[in-house]
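Protein chains: 2
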Amino acid sequence: MVTETLSIKLKNRSLKYFSEHGAVIYISKKNIVYNSNIILKKCINKIIIPVIKSDAYGVSAKSLINILIDCGYTSFFLGRLSEGIEIRKKYKNIELFILNCGHPFNIKHLKKHKLIPVINNLEDLKLWSQYSNRKDYCVMHFDTGMNRLGINLQDLKNLSDKKYLKNINIKFIMSHLTSAEDINNIMNKEQLNILKSCAELLKIITKKNIKTSICNSSGIWLGKKYLLDIVRPGAAFFGINPILNEKNPLKEAVSLYAQITQIKDVAKNSTIGYGRTLTVKKDTRIAIISIGYSNGLSRLLSNTGDVYIKEKKMKILGRVSMDLTVIDISIFKDEEIKNGDIVEIFGPNRSLEKFAKINKTIPYEILCTMAKSNPKIIT
Amino acid sequence: MVTETLSIKLKNRSLKYFSEHGAVIYISKKNIVYNSNIILKKCINKIIIPVIKSDAYGVSAKSLINILIDCGYTSFFLGRLSEGIEIRKKYKNIELFILNCGHPFNIKHLKKHKLIPVINNLEDLKLWSQYSNRKDYCVMHFDTGMNRLGINLQDLKNLSDKKYLKNINIKFIMSHLTSAEDINNIMNKEQLNILKSCAELLKIITKKNIKTSICNSSGIWLGKKYLLDIVRPGAAFFGINPILNEKNPLKEAVSLYAQITQIKDVAKNSTIGYGRTLTVKKDTRIAIISIGYSNGLSRLLSNTGDVYIKEKKMKILGRVSMDLTVIDISIFKDEEIKNGDIVEIFGPNRSLEKFAKINKTIPYEILCTMAKSNPKIIT
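Those protein sequences? They're chains H and P, same order as listed. Mapped onto our numbering, the consecutive letters of the first sequence carry residue numbers 1 to 379. Mapped onto our numbering, the consecutive letters of the second sequence carry residue numbers 1001 to 1379.
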């Protein structure tokens, strides 16, 4: 079903942004709340800690966190120390975890801004054990097969001096799945078992029960036994499909629009844009739209991609430039189209998932590389 | 010649940024000044108006403008109204031109923030003529073959009511070359001639001499007759090569670095990262580096790209993730490498130009999509 590109009410509300910025990102609070409710329903009695790293996947952590706080969440994962410091400025009473505290491991900074570190290696573990107080929480990250950040089970076993583990206050331990979106992948079970072994070993050493976490967004769809104590959804709030090759159970919450800046007719055999990479085969009506590779439309789509106007697909002509792109609007009559008309890059007529596919990437990368400068409107 | 990845002095100055942000962008003021001097030498007696649109090609307009003001420039081109408003907040006495004023054409806003519009179509021309004062400057943009923004010569000829042109105060007229980086392209000359015809026609209508401009950065290397009255370099300040398939006469001024966050040894037949797309054929020492597709290292480089450590090329293993990437550092001995060591994405060991090539794009797109969140250090 094809839906309206942008409601007139919404368009009128955002005219100023289109005129000043060229492109506008819409964030649907309704859909984020819908997705949150799906997550809550699947994770009853679990602790849910949303991940809003990389500026909430490029969409704006400050925009998202307000919505998520309204939904009742009180703890969040961030990627870097700088993100934690930024969010802490405004939000004093929420719990903030830092996935990658960087090097050198800056305990003074963490404590100053009340940030909880995720400890990824033995070097940081030793420092934390030495300089933190018993009341300062940390999270321990185990690498159960991703071969990325995290302490290996074997490292834990080999750790000659176990005092490091007794001196610290472990809020929970976590790991990260390599193939969570693929429900049939045997790796998921393997990783789950390794994390459980880590928890058991830690229990023996510390004489305490240890809470565990392995699910990112996709993990939540792997079944109840993966939910453990704590789940860490991120992309699911934006409705990125958590399951490979299956119908999306969530509603996409981000869409991207630009406006027509100029319309003109070009004669047969004219060339379009930089490098004259395209020659029009017939008289063609073109529109120049106010978006380019600097703000959300990759240069990869030169001569191959398309955008939507009034629910119809329009081909991109020539190279995408930095903040402008040319499209073929020959199918419209004079009175049907005008300067200022809205162009959908992804949204109701084409999902972010499909748009990512034609960009030969995944929705996460599309969101992360959309211009930070595009204004975000929460609808 | 291979040069040092990052001087110790510079590294020590930026440790805090690496630890807090993961990746750091360095801007070489010395090289920007060098490039500016080359431009000045080639454009003696010409008016030079730097283009710092799209947040100075993603590198930060606020960082660049200070350097350029120090170099003596007093006028600048920006892409959108929002960029002009932002820069005007801090800089009261410089001349700011807006390349794309958007729709609806907001004269009130332009005047309020003392921004000079580039008029791209007859609709905006009529509005400007109706509502601007005789003392308000504008620029007229002619489309001489790009088939993107701009008024065509034929439109100008057809304009039935010439009063629109007599009522306005044209600072200069401009056009944009499709193939400026290709010195042998006949289109350059054609476009130059069309712009000259536009100026002649305008002179007849307005009874005034009209200043002209056709050169972007590359245009400056096409020869003196292209310089006209005003030139508009942008990318050249950053040292992006202005000439196709020729040695770069400029010095690149932007480089990107990350740090090693963790080092580990993985056994033969281990898989790396999301989707387990790579299996190591032998025991391998890996480093996890603090950069991913959200902050400057495209997912396209998964399993194919590389980065530099201590002047040596390291292969990317597995998929690039959002803010982390895994590389093969097997060639280093224990004592040769450690957490916190600096990784070059592009810089002294690999030019931005070469990095763009392996990303199947142009340097402009690399700069524009590097994370705005990466701190910029001016060296």
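For the record, the hints were derived by calculation from the structure and aren't laboratory data. All values reported here derive from a predicted model rather than from experimental measurement. It is possible that some hints are incorrect.
[Claimed, not checked] Pair by pair, the computed Cβ-Cβ distance ranges are: (1) Ile1205/P with Lys251/H: 49 to 57 Å; (2) Lys135/H with Lys1268/P: 50 to 58 Å; (3) Lys211/H with Thr1304/P: 34 to 42 Å; (4) Lys208/H with Ile1378/P: 48 to 56 Å; (5) Asn269/H with Ile1183/P: 18 to 26 Å.
[To be verified] Straight-line distance between alpha carbons at most 25 Å, and here's what the computed DSS-like set of lysine-lysine pairs gives: (6) Lys1354/P with Lys360/H; (7) Lys1264/P with Lys126/H; (8) Lys30/H with Lys126/H.
Note that the Cβ used here is the ideal one computed from N, Cα and C, for glycine as well.
Hint by hint, here is what the structure shows:
no.	hint	result
1	Ile1205/P with Lys251/H: 49 to 57 Å	holds, 56 Å
2	Lys135/H with Lys1268/P: 50 to 58 Å	violated, 44 Å
3	Lys211/H with Thr1304/P: 34 to 42 Å	holds, 39 Å
4	Lys208/H with Ile1378/P: 48 to 56 Å	holds, 49 Å
5	Asn269/H with Ile1183/P: 18 to 26 Å	holds, 24 Å
6	Lys1354/P with Lys360/H	holds, 21 Å
7	Lys1264/P with Lys126/H	holds, 17 Å
8	Lys30/H with Lys126/H	violated, 45 Å
When held up to the earlier numbered hints, the structure conflicts with 2, 8 and fits the remainder.
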